[in-house]
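Q: If you're matching them up, the sequences are chains A and B in order. When we follow the working numbering, the leftmost residue of the first sequence carries the number 1, and every step to the right adds one. When we follow the working numbering, the leftmost residue of the second sequence carries the number 109, and every step to the right adds one.
I should point out that these hints are in silico values taken from the structure, not numbers from a laboratory. Even for Gly, the Cβ is constructed at its ideal location relative to N, Cα and C. Certain hints may be false.
Capping the alpha-carbon separation at 25 Å, the derived lysine-lysine pairs in DSS-like fashion look like this [claimed, not checked]:
| id | chain 1 | residue 1 | chain 2 | residue 2 |
| --- | --- | --- | --- | --- |
| 1 | A | K24 | A | K79 |
| 2 | B | K225 | A | K59 |
| 3 | B | K125 | B | K283 |
| 4 | A | K44 | B | K125 |
Label-pair ranges, simulated between beta-carbon atoms [to be verified]:
| id | chain 1 | residue 1 | chain 2 | residue 2 | range |
| --- | --- | --- | --- | --- | --- |
| 5 | A | V25 | B | A264 | 28 to 36 Å |
| 6 | B | Q185 | A | Q23 | 41 to 49 Å |
| 7 | B | Q274 | A | S7 | 15 to 23 Å |
| 8 | A | V25 | B | E169 | 40 to 48 Å |
| 9 | A | E58 | B | K226 | 54 to 62 Å |
| 10 | A | E58 | B | E209 | 18 to 26 Å |
| 11 | A | Q101 | B | E209 | 33 to 41 Å |
| 12 | B | L280 | A | H97 | 55 to 63 Å |
| 13 | B | K226 | A | P10 | 26 to 34 Å |
| 14 | B | L280 | A | E36 | 40 to 48 Å |
| 15 | B | M253 | A | N70 | 54 to 62 Å |
| 16 | A | H97 | B | Q281 | 29 to 37 Å |
| 17 | B | K112 | A | E69 | 41 to 49 Å |
Partner residues aside, some chain B positions facing chain A, computed with beta carbon under 7 Å [to be verified]:
| id | residue |
| --- | --- |
| 18 | Y178 |
| 19 | D180 |
| 20 | E209 |
| 21 | I210 |
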Amino acid sequence: MNEITRSYLPMTETAFYILLTLQKVHYGYGIMQDVEKLTDGRIKLGAGTIYGSLSRMEKDQLIEVVGEENRRKSYTATKLGRELLQQEIARISELYHNAMQMEGNDNE
Amino acid sequence: MNNKKVFRWWWSWESEKMEKWIEAQELQGWHLVKVKSNLMRFQFVKGSPHTMRYVFDYQHEVDADYQQLYEDAGWEQMYAKNNWYLWRTSYPADQPEQRPEIYYDVESIIQRNNRIKKTLITVGLVLVPILIMNMLLQSMWQIRMSILVVYLLIFALFLYGANRLQAQNRRLQGKSNSLNN
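Sequences are here, hints too, so could you generate the full structure?
A: Here it is, written out as structure tokens:
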């Protein structure tokens, strides 16, 4: 893993949710809608944020363009992007399990 | 009088101030219909008050996807030239907390500020060879000195602008750190 990909870890919520939704093929606005729905409106991704993130992640080869229709590019996560997402999920799981365990100890 | 043209000079590090100014015009019923002259001449038509969000964007290079994505998200493009974009969208008057943004996250605003900063510094440096050329072409030292002084003032202004953007970035960074830690 090089310097660029390492800079994504730990991930911002923006990058995390973009990669998560791009397990399937999506275009920009579809990602915005999906993330808002998934987080019950907690995370709103602005058009500018999505545009900038997609451009950067494409350049860093975490995602790739798989189609273009009516000026809308659709994207999907690359192998590298999926690997990074898995690492982040492992990190979040560790946080979660440790949090649960400590909570459990407190209650005893 | 049901339309007016207003000239407003502003610097690239003051876009938020300009957004608020146009939004205030809309609230008073002055509906923006046209923007010209490098985002400094604004043409309004009198009508009913609107709760509109106006937002300036600065991008170095965009593809067709850029405009489409913003339009999908409900933004209308009012201006697009020289890397500057003006977008607008309406939102409910009774929900001021719903004022739409193109960047909800701190990181994206910092990156936009960095793009503006880079342009200020680049333009400032590009002026150096022009300055030297002009100075060499002049034989009178008084004129040479005046050219130099004018350049230094321009460069100082650009540095000031870059500094203001940097200060805003630091404030934003501080805010995001205190949220995360």
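Q: Determine for every hint whether it applies to the structure shown.
A: Hints versus structure:
Only pairs whose Cα atoms come within 25 Å are accepted, and K24 (chain A) paired with K79 (chain A) is accepted, the gap being roughly 13 Å. Of the pairs offered as hints, the one joining K225 (chain B) and K59 (chain A) holds, with about 22 Å between alpha carbons and a cut-off of 25 Å not exceeded. About 20 Å separates the Cα atoms of K125 (chain B) and K283 (chain B), which keeps this hinted pair within 25 Å; it holds. Distance restraint check for K44 (chain A) and K125 (chain B): the Cα-Cα separation of roughly 24 Å lies within the 25 Å cut-off, and the hinted pair is therefore satisfied.
Hint check: V25 (chain A) to A264 (chain B), Cβ distance near 51 Å, so the stated range 28 to 36 Å is violated. One distance hint, 41 to 49 Å for the beta-carbon pair Q185 (chain B) and Q23 (chain A), is violated here, with the actual separation near 32 Å. Judged by the Cβ atoms, the range 15 to 23 Å given for Q274 (chain B) and S7 (chain A) holds: they are separated by roughly 21 Å. At roughly 25 Å, the beta carbons of V25 (chain A) and E169 (chain B) sit outside the given window of 40 to 48 Å.
For E58 (chain A) and K226 (chain B), the hinted distance range of 54 to 62 Å is not satisfied, since their beta carbons lie about 21 Å from each other. In this structure the supplied range 18 to 26 Å holds for E58 (chain A) paired with E209 (chain B), their Cβ-Cβ distance being about 23 Å. Between Q101 (chain A) and E209 (chain B) the C-beta distance comes to about 38 Å, which sits within the given range of 33 to 41 Å. Checking the proposed 55 to 63 Å range against L280 (chain B) and H97 (chain A) shows it is violated: the Cβ atoms sit about 33 Å from each other.
A beta carbon spacing of about 27 Å between K226 (chain B) and P10 (chain A) agrees with the range 26 to 34 Å that was offered as a hint. For L280 (chain B) and E36 (chain A), the Cβ-Cβ distance of about 23 Å falls outside the hinted range of 40 to 48 Å, so the restraint is violated. A hinted range of 54 to 62 Å holds for the C-beta pair M253 (chain B) and N70 (chain A), which are about 58 Å apart. The beta-carbon spacing between H97 (chain A) and Q281 (chain B), approximately 31 Å, falls within the hinted interval of 29 to 37 Å.
For the hinted restraint 41 to 49 Å between K112 (chain B) and E69 (chain A), the CB-CB distance of approximately 42 Å keeps it satisfied. For Y178 (chain B), the interface hint holds, since its Cβ comes within 7 Å of a Cβ in chain A; the closest pair sits about 5 Å apart. Given hint, D180 (chain B) at the interface with chain A, holds; its Cβ is 4 Å from that chain's nearest Cβ, closer than 7 Å. A hinted interface residue such as E209 (chain B) counts as satisfied when its beta carbon comes closer than 7 Å to some beta carbon of chain A; here the least separation is about 5 Å, so the hint holds.
The interface hint given for I210 (chain B) holds, since its Cβ lies 3 Å from the closest Cβ of chain A, which is under the 7 Å cut-off.
Consistency with the previously given hints fails for numbers 5, 6, 8, 9, 12, 14, ordered from lowest to highest.
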